[in-house]
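A.B. asks: Given next are the chains, with one letter for each unit.
2 protein chains.
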Amino acid sequence: MRQVYIAGVGSTRFGRHPASSLVDLAVDAIEDAIKDARIDRDVVGALYFGNFVGGQLTGQEILAGLTADEAGLPCIPCTKVEGACASGGIAFRHAWLAVASRSCDIAIAVGSEKMSHASTSQVTEALNCAMDIERDGASGLSFPGIFGLIYRMYESSYGDIRRKLSSVVVKNKRNGLTNPLAQMGASISVEEVEDSPMVADPLRLFDCCPISDGAAATVLTSRDHVVGRIHRGTKDSPVEVVAAVQTRGVPFIAGHSDMCSFSATVEATQRVYDSTGIGPKDLDFVELHDCFSITEVLDSEDIGLVPRGEGAHWAAEGRTAVHGDIPINPSGGLLAKGHPVGATGLGQIYEAVQQLRGNHSNQVKDAEIGLTHNLGGTGVACTVSLLRRADA
Amino acid sequence: MRQVYIAGVGSTRFGRHPASSLVDLAVDAIEDAIKDARIDRDVVGALYFGNFVGGQLTGQEILAGLTADEAGLPCIPCTKVEGACASGGIAFRHAWLAVASRSCDIAIAVGSEKMSHASTSQVTEALNCAMDIERDGASGLSFPGIFGLIYRMYESSYGDIRRKLSSVVVKNKRNGLTNPLAQMGASISVEEVEDSPMVADPLRLFDCCPISDGAAATVLTSRDHVVGRIHRGTKDSPVEVVAAVQTRGVPFIAGHSDMCSFSATVEATQRVYDSTGIGPKDLDFVELHDCFSITEVLDSEDIGLVPRGEGAHWAAEGRTAVHGDIPINPSGGLLAKGHPVGATGLGQIYEAVQQLRGNHSNQVKDAEIGLTHNLGGTGVACTVSLLRRADA
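Quick note, the sequences are listed as chains P and W, same order. Just so we're aligned: the first sequence equals residues -5 to 386 in the numbering used here. Just so we're aligned: the second sequence equals residues -5 to 386 in the numbering used here.
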């Protein structure tokens, strides 16, 4: 496998885009990424499209081919990939694999989702396809319910963290406020989180990510294509993909030996650390999958950023803030930036690249190495990517 | 890219499986393929799952992870891929790529679909997601209507072939009759085809593939894993994947410069021929995407098996029969074997492997090289695979 670089990234704002289709959003993100990468579109060799609920909420599949046609890409392999909320990360990993394996020299990963036009019940029904419907669907649980139960399991092991959990929300909302791509940044207090409407006890409205439209894209190339741009210290410098790992975990609740940890995250992260020699202490920031506030706590522990049981404490102490010990979700994360499902994993890559270029509106000082983490279902699919400044 | 071999294949019968879920069917096919390949399941390094309408017709996504869990596969990358009716072929091509690129040593591609429980209108609505819904969906056409129009375009270029087109159906139905996996084999006459109910003028019921459930799987490995089994002339001998190409074409009707040809097929086939030096005259048989009788005619011309305008004539003259000049769809094809959409491309691989092993119930004499062709939407996605007996 050869070294792979991110030559360019693009993204729409995450939020509501009533006038744009799923494909329109994807094309916008691709146009941005192609411009950023300074490549001609006719040299692109593969397109991977991350999407989860397009068929059900928009009646449109064949998204990869449609988007390639609309974006003027050549007659290349165009593939939609799906792994629930990890679909975007899976698209990134496959575009990386295409270049790393020399299957092609330049590949694009795009993720796009369109959800805000649908009713909440339609969205809930569509998202429930990420459960094992025979085993967990029959319970009547939706995802907020599942993560509410996970909170209760966590509480039984580590004690009441409800108040400190609100600090996770406060942090991410504040980060989102200064991220121009974010849907729901806000300056709110712990009290306001705890006064927001109950969704699935003990998770309240602000503990849950919003329903979002949006798209993000990444252009991946070999070193040859970017070598002239490395060391220039410009605002569009390339970023090295040090590792891109995809794992699978347990698809149903009762299959987990410990609901306070996702084995797919633990395994993916361990493979990244083992294969690169880079460990959690070497990371300058992490963009992780905080679909709910409690998920950020679990993820931060699974990734090894924080000792078990201390995720919420670290957030409450400011240790995961932009200028803390280990900045987590400086973008605002899913909670504040939004969660257009198939786009989320690529939105994380976009944010990480801006950090490593020194461009971010919530810039982490001297950021050289960042990690992104995208999770699907009840932990059935996970991708973890490790990115480094090309001149680091 | 290293050489890749098919070490094992598995398949359910195509048809109605009311007692089995989409995942059950996939697991059955994988179990068969693993047994056939004589591998341990813990050495599998990647799973690709071809599926198109599982989310809409069964409410279940995350099919790759769920199936891997159910089949006892390890913590490997598990990815659902989608390209409408070409989803199975895309799964095969990605499993091939995983092994060819040394990303892993053993990969499984499985395709599964479950459709027969749904109403015809639900199935039609789900399949329509393979159209560009903004441009073609608004016309009110369904796929039989689109291919009826394609027939009319073909007729305007090449003359009335209605009667000879029925010979395509008669051939495939007859082949299906002796294929134990086929859903709708039959011994019927040209007159019976033409007396069957009208679906979309001039296409009648027997011109259209049925609605099917089913799954098929393939185990792909490097040469190291099969070398001891080559030259043994046994009924489970490995098969070489000489080429596996994926292309994209035009996603909407008005975008085609010629509706009597799919550019994605022409391009994919040409790349296979150019990269291997093997041409259409070297093929011993072809399994191609005959979702409608007229599609077999177009495909056979696009692949270069038959001169333009002569596809139906060749069928009527018996030249595409099992013992004809170029056997087309000795399995019965989609028209008779069935079309569980996401499984179809892998069902074609299954059939081709049985031919190359000399096991097929409709055996082509001395078959050494076979080609499979899987098409999605109105030609938006295509895969073409070239397979050869490992001892040829």
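The hints are simulated quantities; they were obtained by calculation from the structure and are not laboratory data. Incorrect hints may have been included.
Said to hold, decoys possible - FRET-style restraints, in silico, Cβ to Cβ: (1) P/E311 with W/D34: 14 to 22 Å; (2) W/E188 with P/E25: 31 to 39 Å; (3) W/M147 with P/T118: 41 to 49 Å; (4) W/E64 with P/Q264: 40 to 48 Å; (5) W/E25 with P/Q116: 30 to 38 Å.
By construction, the Cβ of each residue, glycine as well, lies at the ideal position given by its N, Cα and C atoms.
A.B. asks: Each hint needs a verdict: does it hold in this structure or not?
C.D. replies: How the hints compare with the structure:
no., hint, result
1, P/E311 with W/D34: 14 to 22 Å, "violated (48 Å)"
2, W/E188 with P/E25: 31 to 39 Å, "violated (51 Å)"
3, W/M147 with P/T118: 41 to 49 Å, "holds (44 Å)"
4, W/E64 with P/Q264: 40 to 48 Å, "violated (24 Å)"
5, W/E25 with P/Q116: 30 to 38 Å, "holds (36 Å)"
Of the numbered hints given earlier, the model fails hints 1, 2 and 4; all others are met.
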